[in-house]
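Asker: Sequences listed follow chains H and W, in order. Counting from 1, position 91 in the first sequence corresponds to residue 91 in my numbering; the numbering is continuous, with no gaps. Every position in the second sequence, counted from 1, becomes a number in my numbering once 351 is added.
Calculated directly from the structure, the hints in this document are not laboratory data. Where is the CB? At the ideal position from N, CA and C, for every residue including glycine. Hints may contain errors.
Distance windows between CB atoms, simulated [what the hints assert, rightly or not]:
hint	chain 1	residue 1	chain 2	residue 2	range
1	W	407	H	153	38 to 46 Å
2	H	89	W	469	27 to 35 Å
3	H	90	W	470	28 to 36 Å
4	W	617	H	317	53 to 61 Å
5	W	663	H	275	29 to 37 Å
6	W	693	H	119	50 to 58 Å
7	H	350	W	661	46 to 54 Å
8	W	676	H	143	47 to 55 Å
2 protein chains.
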Amino acid sequence: MGSLAGTTETQSAPAGMVLPYPYLLFLGDADPSFAKTAYGLRDWAKDKCVGEYRLPGGHATTGLTQMTPVEAQKAGARSMVVGIANPGGIIPEEWTAALAEALEAGLDLISGMHSRLSDLGNLGEVARRTGRRLIDVRIPPAGLPVGTGRPRSGKRLLTVGTDCALGKKYTALAITEAFQARGVDCDFRATGQTGIMIAGGGIPMDSVISDFLAGAAETLSPDADPDHWDIVEGQGSLFHPSYAGVSLGLLHGSQPDVLVLCHEAQRTRVIRYPDFALPSLQEAMDLNLTLARRTNPAVRMGGISVNTADMSPDAAEQWMADTAARLAMPVADPVRGGPRFQALVDNCLSG
Amino acid sequence: MGSLAGTTETQSAPAGMVLPYPYLLFLGDADPSFAKTAYGLRDWAKDKCVGEYRLPGGHATTGLTQMTPVEAQKAGARSMVVGIANPGGIIPEEWTAALAEALEAGLDLISGMHSRLSDLGNLGEVARRTGRRLIDVRIPPAGLPVGTGRPRSGKRLLTVGTDCALGKKYTALAITEAFQARGVDCDFRATGQTGIMIAGGGIPMDSVISDFLAGAAETLSPDADPDHWDIVEGQGSLFHPSYAGVSLGLLHGSQPDVLVLCHEAQRTRVIRYPDFALPSLQEAMDLNLTLARRTNPAVRMGGISVNTADMSPDAAEQWMADTAARLAMPVADPVRGGPRFQALVDNCLSG
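Whenever a hint applies, use it, and build me the whole structure from the sequences.
Answerer: So, in structure tokens, the structure goes:
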């Protein structure tokens, strides 16, 4: 996995959030299992990262150079990112001194945790004194407009899902990388906190006031050159009993030309909602296309991205071959890659 | 039109908004054409209103008794409602003294305007000193949960639409009144500012953070007696390029047993979005039912409520007769009422 810095200079429209990178990745003294945000940044945005900062007692590492905030600032860093996503999203009080140290060194602070940075110890006061910013990625930018439904120039791909938490972000990142490898002018457009840090900008769709959902999605992928692609990170699922509204606002506002449906091969029930069966792949494709046509009548399916992490290579290959034959669609696991994934990418670009 | 006080003591669940009524209706010095909120309260919640308060130069009147805030408080009023909805939703500075007078008289203030009451002159200070509340109905209650999808006891009817601004609130109020006239235990559940004032409580769905849309709708119509009906005011339309996400969250969270589709007979394009054709009535029924089945597989259509305000009585009757025959559905204009509307109500209750 490589750089997803994108090919346009500014990653989002005026109302969008733009983050100050390069980053220093803060790992605190956390356990490796909680360092997903830092690992995601290393894997997908290495060129936005200058190093990592670990506290005594911590065992997580990204393998990037260890440095203090002062050293990072000298190496070009503009901010320090809280690279931890622990259960509850609470930033421990014991990290306050290290976070303040970054502000004193001239770095802004970026967090995707539920705790607001300004509510932590004296960070608000230190930020004011040093003139640095405290950026909570879960807070959407101010001034988002109501959607207009106006068609925009350029092309768009949106990842949609049969459920939450099965690979919509990963798929969008992998497709962005594959498009870039083919010389296609494109940007990854992030809609969730980790994606926003990777992209260096974006809009946290699930935190937007509902009246502005479609408008936020329109803002996220503005007019572009006719050959430019925005690869938009999907959220939730039209079939999710809690989050379908977010998915529909994102679908309408993104006006995608191409959809890629994401699924986990062995999942049959909505995660954490065992009373709800997942839709069939055909049903999920049909409903997404039906609703997407409202703002882009030319929308089509690019393929199915399947998470086969829990399957043997043979079983995964069999599942993908059967499903591709049954639905007459490219089916691929972007983590496994290979010819199946290249065929999916071909199909996305073939419109 | 009569009282919609509802038959349960508390109009909403713990997280919902409950307004302090009876109201004194404040008309300022506004023109009658801007007094829609006051007229709506007089028409649908007369038993929640003790009188009106008009400033010199004003020509709007609800026909209710003129009184000062002091007189209203003695007559039992607990709050004064800004009964005006002017373009832009701005409360004029010149009204500040009259609003402060209400606080001094021991009344809370309620507004559905865009301007926040606490941003107006010295109202915040006066409210603190007098211990009165400034209630902006556009601000949703704190602590709304994420949706669960759990089926709830009791029955629910939701009004849905082919578009915005064509009678979803009016239809829900008229059905509530018709149910109550038949002795059916029911509550009107409000989802927009005027509806919330009429009901004395509710949740402004379009102002809810999108992650909590379905959860807000679940909160709005909690578990109830098996024979109790909640009549939920719809918002937006699944076909609206800006607001469909709100409509879907409300649809999923309401878990309606019965849908009533609202339409304006002669409208063919989305209001203020002339590039978007309205769906056919069949298409609108089909999509709403398909999506509603996700959280209530037993959902069914109760009928079509049509706004025929711009048609002659003969033309309206012809349109309704033709449409009812074509779609095999009760079709009625609740403003015209009559046997058609009673047939629609019958069908809603016949499940």
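Asker: If a hint holds in the structure, say so; if it does not, say that too.
Answerer: Status of each hint after checking the structure:
1. Look at residue 407 of chain W against residue 153 of chain H: about 55 Å separates their beta carbons, and that is not inside 38 to 46 Å.
2. Taken as a hint, the range 27 to 35 Å holds for the pair residue 89 of chain H and residue 469 of chain W, whose Cβ atoms sit roughly 30 Å apart.
3. Checked against the hint of 28 to 36 Å, the C-beta distance between residue 90 of chain H and residue 470 of chain W comes to roughly 33 Å, which is consistent with it.
4. Separated by about 58 Å at the C-beta atoms, residue 617 of chain W and residue 317 of chain H satisfy the suggested range of 53 to 61 Å.
5. The hinted window of 29 to 37 Å between residue 663 of chain W and residue 275 of chain H is violated, with their beta carbons roughly 51 Å apart.
6. With their beta carbons about 57 Å apart, residue 693 of chain W and residue 119 of chain H fall inside the hinted range of 50 to 58 Å.
7. Separation of residue 350 of chain H from residue 661 of chain W is about 48 Å and conforms to the stated range, judged on CB atoms against 46 to 54 Å.
8. A hinted range of 47 to 55 Å for the beta carbons of residue 676 of chain W and residue 143 of chain H is consistent with their spacing of about 50 Å.
Violation of the numbered hints given earlier is confined to hints 1, 5; the remaining hints are satisfied by the structure.
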